[in-house]
Every structure is written in C-alpha cells, then in structure tokens.
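Residue numbers (the working numbering): 358 to 636.
Please note that the accuracy of each hint is not assured.
[What the hints assert, rightly or not] Straight-line distance between alpha carbons at most 25 angstroms, and here's what the computed DSS-like set of lysine-lysine pairs gives: (1) Lys513 - Lys465; (2) Lys489 - Lys420; (3) Lys577 - Lys420; (4) Lys420 - Lys546; (5) Lys518 - Lys542; (6) Lys489 - Lys518; (7) Lys424 - Lys581; (8) Lys424 - Lys546; (9) Lys489 - Lys542; (10) Lys577 - Lys546.
[To be verified] Label-pair ranges, simulated between beta-carbon atoms: (11) Thr417 - Asp510: 47 to 57 angstroms; (12) Thr364 - Thr406: 39 to 49 angstroms; (13) Ala399 - Arg584: 40 to 50 angstroms; (14) Ser494 - Gln594: 55 to 65 angstroms; (15) Gln590 - Gly431: 12 to 22 angstroms.
If you are wondering where the hints come from, they were derived from the structure by calculation, not from laboratory data. The structure presented is a predicted model; accordingly, all values stated were derived computationally and were not measured. Glycine residues also receive a C-beta, built at the ideal position from the N, C-alpha and C atoms.
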Amino acid sequence: LSSKRRTHQQKTLKAAQLEFSTESQRLQYLASLQPLAEQAAAAVDELQTVQENSAKLTTTELKNELKSASFGAGIDNESQLTEANIKSSDGEATTRKNLCSDTDALEKAQTIAAFIYCICAGESADASGTVKYCENSQAQNNHAGTGITGVVDATKDLISKCPGSSQEKITSAELLTLAAQFQAKIKTKDQAAYFGDFTTTDCCGASASGVRVYYKTVSKADQKAAREIPGLQSIRQVATKLQQQQAAKRIGELIRLISAIKGQSFNVKPQLGVHNHIR
Numbered sequence: 358l359s360s361k362r363r364t365h366q367q368k369t370l371k372a373a374q375l376e377f378s379t380e381s382q383r384l385q386y387l388a389s390l391q392p393l394a395e396q397a398a399a400a401v402d403e404l405q406t407v408q409e410n411s412a413k414l415t416t417t418e419l420k421n422e423l424k425s426a427s428f429g430a431g432i433d434n435e436s437q438l439t440e441a442n443i444k445s446s447d448g449e450a451t452t453r454k455n456l457c458s459d460t461d462a463l464e465k466a467q468t469i470a471a472f473i474y475c476i477c478a479g480e481s482a483d484a485s486g487t488v489k490y491c492e493n494s495q496a497q498n499n500h501a502g503t504g505i506t507g508v509v510d511a512t513k514d515l516i517s518k519c520p521g522s523s524q525e526k527i528t529s530a531e532l533l534t535l536a537a538q539f540q541a542k543i544k545t546k547d548q549a550a551y552f553g554d555f556t557t558t559d560c561c562g563a564s565a566s567g568v569r570v571y572y573k574t575v576s577k578a579d580q581k582a583a584r585e586i587p588g589l590q591s592i593r594q595v596a597t598k599l600q601q602q603q604a605a606k607r608i609g610e611l612i613r614l615i616s617a618i619k620g621q622s623f624n625v626k627p628q629l630g631v632h633n634h635i636r
C-alpha cells in the first residue's frame, strides 16, 4: 500500500476504535464477523432468486406486450391490421357503435388502435366523413357507423400521422407518464365517462352525436371498466416489468459486492486457526 493510503486506513481504524495491540486480537475480532458472513450468504441466495425471476423478462417479450396493447395479440404493427383481426381484438364488434359504445351498450374497444379510430375517424353522415377531428391532413372516412367498413384504412391513416418511433430505449417513467396523460383525458357527462367528443346518445362518428369511446358509469363495475382500460393496463404492467428489470441489474451488482464481503469474512477463520497453531 502507498504511505498515503496506509495513513488513511490507520486514521479510519482509529476513528472506529479498531486499533489492535497484537495480531491475535485483530484476527479474533475478524473472526467475530463470521455470523455476518453467514447472513450475507443467505442474503445473496435470496437476491439471486429475485434476480432470476426478474431476469426472465426479455426485451422481446416486453415489446410484444406493448404491440398487443396497441394492435392486438400477435399483431406487430399497423400494416398487419385487418377488419377480421380488429374485430377479434376488440370484442367481435360489428358496427362502429358496437365498437365504441353508446348509452345503451358496453364498449368493445380494447386496443389503442381502436381508440384512435373511435376518437378520430369521421363518418359518412357528417360531411361525407371529411371532418378533421384529430389531424388536419387525416383522410376522409366516407363509411357509415352502422358497420365497421373502412376501419382498417382509417386507422392506418390516423396512425401514420403520429410521430415516428424513437430509437432510444423507453423507460418505465416515460410509459407511466404516457398512461397518466391518456387517462387524464377522460371526461364525464350524464353518468358516463368518455374519451373524445360526446354530444348525445351514441358514438356513430358524426359530430351531431359523438366521436369517442364511451363508458357508462352507473354502477361500480362500469366505473371500474372506465378506470381499467386494457391498453392502458398493459402499458402500466410493462412499466412495472421494466422497473423489475432495472432492479434485477442493481441486484446483480449488490450480489457481487456482498459475495466479495462474504468471501473475505469466511477467510478469517482459517487465518485465525493458522495463527493460533504457529503461536
């Protein structure tokens, strides 16, 4: 050791009242640390179990969860959307009212893509679907709300207006912020909660009625459905899993640190035995 470092260690030992007059005293003191080493070993085992469970979460799996929340299970991006898989991902909805709900029915929209369609796409009865609800350059959707014809083209067009994806790694904090911002856009009116624009009874896509996703909130079950939107729930779950991944990395660092301390402490007993033997 350098003289400077040795002097620093001596000062530290003195401050802690750990100056020993003999080598035997020093080793006896170190031997008393044995129980701490055993506790460290137990802590390492527990940390490894937690780390192994967290480490099972792969980046690919987390991405797939976000894709499912956005488009539906097994759908990687908007280019793979079809009328059939939109129906299967969103409660087998067969009409726009059925998908986005009205005052007499439960909404079926589950995916973020369906929300985008319900909140932003026009309808033939309202200026032939030329109304720009969300983006000035969105395409015309000249289809009636009595079906979901045109849902694929309208949804793809609307998604194309969104900013491009970032190449940076997304964090749990960013996901939670996005989920909170979306949840904050929910509005209430006439014992209902909704996203978008609510004028009167249904969600046909015309401004005279409403362009929205609608939830009745008469009962506690209705209120719960409005709070626990599947797409947002999935985003929150991925955020939690990202936090677990980050924790697993930190746990790995702690395991290495504790293992080193444990090893040093376990080596004390043999040193003491040798010292006592040669005395």
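Comparing the hints with the structure gives:
1. Pair hint Lys513 plus Lys465 holds up; C-alpha atoms about 19 angstroms apart against a cutoff of 25 angstroms.
2. Restraint check for Lys489 and Lys420: the C-alpha separation of about 31 angstroms exceeds 25 angstroms, so the hint is violated.
3. Pair hint Lys577 plus Lys420 does not hold up; C-alpha atoms about 33 angstroms apart against a cutoff of 25 angstroms.
4. Annotation: proposed proximity of Lys420 to Lys546 is violated, straight-line Cα distance about 36 angstroms (limit 25 angstroms).
5. For a cut-off of 25 angstroms, the pair hint linking Lys518 to Lys542 stands: about 20 angstroms separates their Cα positions.
6. A C-alpha spacing of about 12 angstroms is found between Lys489 and Lys518, which places the hinted pair at or below 25 angstroms, so the restraint holds.
7. For a cut-off of 25 angstroms, the pair hint linking Lys424 to Lys581 stands: about 24 angstroms separates their Cα positions.
8. This hinted pair does not check out: Lys424 and Lys546 have alpha carbons roughly 32 angstroms apart, beyond 25 angstroms.
9. Proposed proximity of Lys489 and Lys542 is supported: the alpha carbons are some 19 angstroms apart, at most 25 angstroms.
10. Taken as a hint, the Lys577 and Lys546 pair is honoured in the structure, with Cα atoms around 16 angstroms apart against an allowance of 25 angstroms.
11. Taken as a hint, the range 47 to 57 angstroms is violated for the pair Thr417 and Asp510, whose Cβ atoms sit roughly 30 angstroms apart.
12. The supplied range of 39 to 49 angstroms is met by Thr364 and Thr406, whose beta-carbon atoms lie about 43 angstroms from each other.
13. Distance hint check for Ala399 and Arg584: the Cβ-Cβ separation is about 41 angstroms, which falls inside the suggested range of 40 to 50 angstroms.
14. Under the hint 55 to 65 angstroms, the C-beta atoms of Ser494 and Gln594, about 34 angstroms apart, miss the expected range.
15. Separated by about 19 angstroms at the C-beta atoms, Gln590 and Gly431 satisfy the suggested range of 12 to 22 angstroms.
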